[in-house]
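Undergrad: Using the hints, position chains B, C, D, E and F against chain A.
There are 6 protein chains.
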Amino acid sequence: MGKILTVGEIMMRLQPLGYKRLMQADTLEVVFGGGEANVAVSLAQFGEDAVYFTKLPKNALADKCVNQLRGFGVDTTRIIRGGDRMGIYFCEKGCSQRGSNVIYDRANSAIAQMNADEVDVDALFKDVTWLHWTGITPALSDNAVEYMRKILRAAKLKGITVSCDLNFRKKLWTREKANEVMSELVNYVDVLISNEEDSKDVFGIEASGSNITGGVLSADGYEEIGHKLMAKFPNVKYVAFTLRESISASVNNWSGILITKEKSFKSKKYTIQIVDRVGGGDSFGAGLIYGLVNNLGEQQTIEYAIAASCLKHTIEGDFNITSVDEVMKLVGGDGSGRVQR
Amino acid sequence: MGKILTVGEIMMRLQPLGYKRLMQADTLEVVFGGGEANVAVSLAQFGEDAVYFTKLPKNALADKCVNQLRGFGVDTTRIIRGGDRMGIYFCEKGCSQRGSNVIYDRANSAIAQMNADEVDVDALFKDVTWLHWTGITPALSDNAVEYMRKILRAAKLKGITVSCDLNFRKKLWTREKANEVMSELVNYVDVLISNEEDSKDVFGIEASGSNITGGVLSADGYEEIGHKLMAKFPNVKYVAFTLRESISASVNNWSGILITKEKSFKSKKYTIQIVDRVGGGDSFGAGLIYGLVNNLGEQQTIEYAIAASCLKHTIEGDFNITSVDEVMKLVGGDGSGRVQR
Amino acid sequence: MGKILTVGEIMMRLQPLGYKRLMQADTLEVVFGGGEANVAVSLAQFGEDAVYFTKLPKNALADKCVNQLRGFGVDTTRIIRGGDRMGIYFCEKGCSQRGSNVIYDRANSAIAQMNADEVDVDALFKDVTWLHWTGITPALSDNAVEYMRKILRAAKLKGITVSCDLNFRKKLWTREKANEVMSELVNYVDVLISNEEDSKDVFGIEASGSNITGGVLSADGYEEIGHKLMAKFPNVKYVAFTLRESISASVNNWSGILITKEKSFKSKKYTIQIVDRVGGGDSFGAGLIYGLVNNLGEQQTIEYAIAASCLKHTIEGDFNITSVDEVMKLVGGDGSGRVQR
Amino acid sequence: MGKILTVGEIMMRLQPLGYKRLMQADTLEVVFGGGEANVAVSLAQFGEDAVYFTKLPKNALADKCVNQLRGFGVDTTRIIRGGDRMGIYFCEKGCSQRGSNVIYDRANSAIAQMNADEVDVDALFKDVTWLHWTGITPALSDNAVEYMRKILRAAKLKGITVSCDLNFRKKLWTREKANEVMSELVNYVDVLISNEEDSKDVFGIEASGSNITGGVLSADGYEEIGHKLMAKFPNVKYVAFTLRESISASVNNWSGILITKEKSFKSKKYTIQIVDRVGGGDSFGAGLIYGLVNNLGEQQTIEYAIAASCLKHTIEGDFNITSVDEVMKLVGGDGSGRVQR
Amino acid sequence: MGKILTVGEIMMRLQPLGYKRLMQADTLEVVFGGGEANVAVSLAQFGEDAVYFTKLPKNALADKCVNQLRGFGVDTTRIIRGGDRMGIYFCEKGCSQRGSNVIYDRANSAIAQMNADEVDVDALFKDVTWLHWTGITPALSDNAVEYMRKILRAAKLKGITVSCDLNFRKKLWTREKANEVMSELVNYVDVLISNEEDSKDVFGIEASGSNITGGVLSADGYEEIGHKLMAKFPNVKYVAFTLRESISASVNNWSGILITKEKSFKSKKYTIQIVDRVGGGDSFGAGLIYGLVNNLGEQQTIEYAIAASCLKHTIEGDFNITSVDEVMKLVGGDGSGRVQR
Amino acid sequence: MGKILTVGEIMMRLQPLGYKRLMQADTLEVVFGGGEANVAVSLAQFGEDAVYFTKLPKNALADKCVNQLRGFGVDTTRIIRGGDRMGIYFCEKGCSQRGSNVIYDRANSAIAQMNADEVDVDALFKDVTWLHWTGITPALSDNAVEYMRKILRAAKLKGITVSCDLNFRKKLWTREKANEVMSELVNYVDVLISNEEDSKDVFGIEASGSNITGGVLSADGYEEIGHKLMAKFPNVKYVAFTLRESISASVNNWSGILITKEKSFKSKKYTIQIVDRVGGGDSFGAGLIYGLVNNLGEQQTIEYAIAASCLKHTIEGDFNITSVDEVMKLVGGDGSGRVQR
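Residue numbers (my numbering), protein chains in the order written: chain A, 1 to 341; chain B, 1 to 341; chain C, 1 to 341; chain D, 1 to 341; chain E, 1 to 341; chain F, 1 to 341.
Honestly, the hints are just simulated from the structure, not real lab data.
Keep in mind that the hints are not guaranteed to be accurate.
Since the list gives no way to pick out one identical chain from another, each pair is judged satisfied if it fits inside one copy or across any two copies.
Claimed, not checked - Computed list of lysine-lysine pairs in DSBU-like fashion (alpha-carbon distance at most 35 Å, straight line):
id	residue 1	residue 2
1	K269	K158
2	K237	K64
3	K269	K171
4	K126	K3
5	K261	K170
Just chain A, same shape as in the assembly:
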């Protein structure tokens, strides 16, 4: 198996300790995260050969970011250094009826301002056999749409498998713009990942009979959406959904479904006491790619992806610092949290 490349923005994440509000915080914890970087880190923890591509400025903050990615075993040698700044986001963790609050300060980041000609696709794709991206990247800027188009075309030409997480961000672009851009770019995609809302937000394709804020989600409805998506994008072989039922900011139900043209595969459903839900979807994507790349079979793949992302919810920060053994233990049914000694 070759290298798995992910492409996108990584931001500095600043967060009050515990459940303090930003107003109350004298110190902020610093981690780094971003949809595609999170997938790369998670894959590296699973032992995969993960390469992450972005553009970061030449300063100590970006050095710190690169050191962390490299520390987790991600290949950072293809990252371009230059530009003005890296994106920042402030995250205030929610609890019970109070939702988490995110303040983005990501405009004018190096990766948002990067030009398509800065990307040398041949160097970028050296030894790569899988490309993962999300809907956040083209939402960054018009430049980003352009270089993502260039990257995706090259991937297709090189016969690389492409996965995409729709990841709609309403603070970055409108539903209309998202629809227009993604309707083009998803044509290059083989494996399409979505949460319970993104398909509707981006393409207006809705899950019948589900009420997201209310809670219980209908897996059947998502099977239907999956087929509609495959109809719209004939290149797509797999559609996978994460199904989050938000009981509160502290407790969520979490399950998934993997859909092929022929059949659907539903995962177990976990009730999770949340430590940190940011990056939950990304850890699902990493688990899904791991399962497909390692030929676990569809049922085991969706179980693996959901178990991996279940564990992510118990881990601070964006990154899913979990090994294959730990995921497999949960897939095998041991979610009781007993101490091993």
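TA: Just chains B, C, D, E and F, lined up with the frame of chain A:
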């Protein structure tokens, strides 16, 4: 609308981090709080023009306290500086079957020792249209009974609306003394606030059919108590109860009821994963005042007050650092804690 | 009543703050703990005259450990100082589906390498009327088997009551070795304590009809095991079980049963939001000894032991920093966690 | 005396704890600071009626900033809310031979993008008798040059005294641009403040015989520069210099000189063990304004300003949290740091 | 050698981290300290059998205090529990030209309100051969003067050696009151300890030719004062002075002199980079007692006492956590701070 | 230029925050360090291609260690995983007259127990042109002597340049054993590094006229020692000394000398306010290798090495996180610590 004045004691609160016991704590977090100050801060977050009155010594600890109140937008210019010390309380946060533990060290505070003649009621009430106080203040000392009497009389003469939270504190006075004093002072009150226990503790008026430590509370019983209170205090137009069902120190059910002579208005009931329950009642009082002052209508007022105080339970410290928008979002039904991005 | 002696290893415990993984932790919290030391500390909090015996090296880490034990009122004057090192363990706290993770670094500790002749049993047992040990101690080394044999024989000769917690540790020895050694040493025991798994692990005696990782435990099955244990060890007068139902790493059900030849006494069952479950069994042992020593009666003894250990789950660290009053309040039914003020 | 208005940018400052490098920091301390805001806060601590004007976005970070300023007693009611972001800077504290390191991320801040027409000079100057600004503000953007010109013209028309700290920032503009803009704007200034380098950087006017990195500075040379500056800007009545001799990042000598057309006034020189040198110049400016506004006389004014800023170097963060009493005690000669008890 | 008893008040000390001002501190470090308790802890670290007597309330804060003293090996069994509160003091650490700032909140402490009849002098002095007290204790209240008189009389009757540190506290009493009370109580004293100021403050006996805030102290002058003190109090055999030269709050010179009727013994002088100077005098007292009790000889005794207290200045908190070996190493001349490895 | 390989032990370092003693510390900071690993990290910061070889167990602690090394850009792919444990050391930072205190717990580490046959020298030296080791490694065990002999022989055969830092550790072996082993192994060395004491400790070769604890060191004496060392080890081309003058644990003078057969090159001397002196010598070694590998010339090389290690003393932890630019700025004379902005 004019200014809303609250009058009482504010203390330094010292607390171990997380769930550590005092015995284990090498560092203590410092915040400030007190029933009436908490109401003032909450009202200021709602955009109201809140004035807080107390007496604080001339030292750096009290300066720190004033800076914090002022930072939250409370008018602190009427605070008197002098006296020996400010009250302190140590708070050990409980969890599951272990209740929170509070050690008060508040005797001889400046506000407890203040004399009635130090209070210039004309200056104090300048532009004020609403006065809020709680049963803690007259419990501080005989001096305090005297200046509260003076303040309440002046408020009545000036046509100011008066709200009072019964807030019985058995570590400050006996039930008998409380009954005697409050039976006099509540005559000046228009809006009376109580939790599920205070009416019994102060006036011996009981909710039939409720078992407080056991859990489930009967809203009907509280309607009855409300009417008895209005019978005893004919000036009272509204009685409001918070109804706390303590499943454990970590999980409570929380609802409220607003009672007029004609009708009762019950709120939704929330199941809360508690971050910090201190100040829960005060945030209810602030929400209630906000609703009445802004003419939300009785049903919306009790929903607002309960939603505001539900959110308070998810926030560290005494103060309810929550905006009208956040409360209204919860009133509108979104308590699922989804991240906005 | 005389002194209660406990004998075993105490380790330095290093742990990330909150729910951070070891990989993420820049700082580690330092506490000390070990089965028998935990029992001694808990008994000292209950007002008993607890003596703790171990061997610790002559360095500042061991000084720190001794200071902490002494601070909690444990008599540390019989501890031998010398040897190379004290054991260390790293503990990563679990949450929800992610279990806690423990890394032991305890080989070659002073207490594991201590020789039987270093133990002066007459000095050790001065004024002692109760001896408590656990199955961890003989598992440390062959030396340890030898000095435990010497200690137990001396205890028997001196007419001291002996309690033992089976505490099987699969990282220290095999089931076969444990069976062999414990089959000998438990002959000296009057009160035998086990969790829901130890009897099977050590002696192959199983609870019929229970599925431990699944959850629900059958108290009847444990009654049966208790009788089998008393048949195997005729000297044993009491067998006590803790019955843990692990819903997740965050929530457990917790109850116990105390078995005599004639009758069994089941405790209430608590659903616990866990702060720290390490030392839960030890706090049960301490509660049990407290109940028996103070003649609370069997039913009250098991209720006391389970309530004490329920509270331990809400307290950080190995030690159960809880007073008799706090335990009795919970035994009396007040587990709702209301603030006293 | 009327209000003292300061105008400029305030940034969020993020800093590792102690002497950690950014690369090592898992948490960052959050404070706020900026040349003109620092002056306002310091003046408010001295009991002056300080008003601070800037533009800040509508988000929780800016709310936090406003709360802090308001907490320190600064009038924040004239601040405009809107725009995209507030500036951020990361500060790594130096020690011994390692200098402090600052990373600015301030481009596109609300105040840099503000238009001159957003400024209502009549409202802005209500009750104001003194205006303070620094060379940082016009360096922010061309917009900023424009609104500073508008503000300064209005000040002149209203007869307001104007003080300016040259504060050259080579990361914001070139020496040429600075020279051009400041040569115009300083014409509106009555009191001109400079450190030992700014006059040369901005206007090319040099101190003869001083070697700044080497250490010892010649006060006589600065007297000469002062007179050259007054020759270039006839409106300037006072020129004041801070003279920093950097022994190392940990120890600096610190003194000042106040120059009028007739005479020069040199302060004592302090050798300072530095806690935080950021904001040192601003605290000097505040002290100078305090002295002039309160008619302390020139010698006492420069002593006050230097003593105030000496104390600032011992205080964490940008703000000089020091009272008039504390400064006066140091002016009076008590710098031995004895404990008062 | 028998037990060494110290008698006085211990307070909770709350302090910002590092050099933060109280205004800036969100968390406060908690330690305990008080002149006589500090001496007891230091003596226990030196291996002496130290007993500490005070009165503390029955609450978790005092439990914490007792646990810490006991942890350091001090015998706490003679402490009386009861009364309303324990004293608190807030300490803001100074640096460079900014002195440390202490806010006392110690009025109405249990030990200040204790009556002489609560003291059972026979139980108190069991096995005691040395009594140490300071001038702080009788300054607490008139009650305290009375019980100190009772204690000192009993000590004299029992032939116990008595040492006293003058420790004048101007926030507790006037120079006149101190003079009156101490002129009586010091008659019971054998070893009198003073810093460079106390003799003048309490008895008006001055060191000729020294300027304390300025810096350099004349040892000869202190010899003269010593003789004057011995003339006034014929029972006094030794007078010892600590001579602090405060260069700044960060750097002090530190030396001492021990005076007998026949001869004076001057110590080396250390230049100290201060970590925490609180308790510096107390650690000198403990060192002096250690030297006298162990017959080190006068010269070695004063060297030991000064070296011990020099080390105290490098240790956080009130307590001097230093062993005899560490002190002796410094006495022996190794103050270069090399790492041993 | 090829890769630079360093070989040795890396330990987990646990340290109280600030200047707390171990006795006082509730939390410990975790970093990793060891002589040869420190050199590798420093070289990687200088942009060199550094490879680090050791053996580490398969557990989360060692994973964390590898992640950190990898994060700093060190090639960790040649590290062998296996064995029982990694070494730990506890470090208590000194100040002023109190020296730092180190407690090693490194016995039985994986690298101490590694066998020579586990080392595949061909794989180990792939693309390597420089090997660095220290006297700590053969001191670990007899095994270690054996594999170091194997490694050094292979290096010699492959024509690799070898540097060695004598680094005597009296807690690991005796002077006699060190002399015997190092007298053999240093025969393979081209560049020999020593501090002011090691040559005497290991080979009994003394610097005439220097008094190390006293302070001032004679550079001439070290020239003489250098020549004696080159006489004893004819293969050695360069001898380099670090010359530390320990004024106190807080302030050291720091300089170096580089000696060839023909000439000696003395560096500037820096007076350093110490943040963390551990790793000071290692950072010198890294600087020296950088200078030699990059042909800076002898004078510039010793200046670079001393400046690099001067900066290390201002950085927390074992690793010298400093870039070539930062070192060159200091070499160029800018040690005044001015802020760049």
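Undergrad: Could you run down the list of hints and mark each one as holding or not?
TA: Status of each hint after checking the structure:
| no. | hint | in the structure |
| --- | --- | --- |
| 1 | K269 to K158 | neither (38 Å within a copy, 58 Å between copies) |
| 2 | K237 to K64 | neither (38 Å within a copy, 38 Å between copies) |
| 3 | K269 to K171 | both (30 Å within a copy, 33 Å between copies) |
| 4 | K126 to K3 | both (8 Å within a copy, 24 Å between copies) |
| 5 | K261 to K170 | within (30 Å within a copy, 48 Å between copies) |
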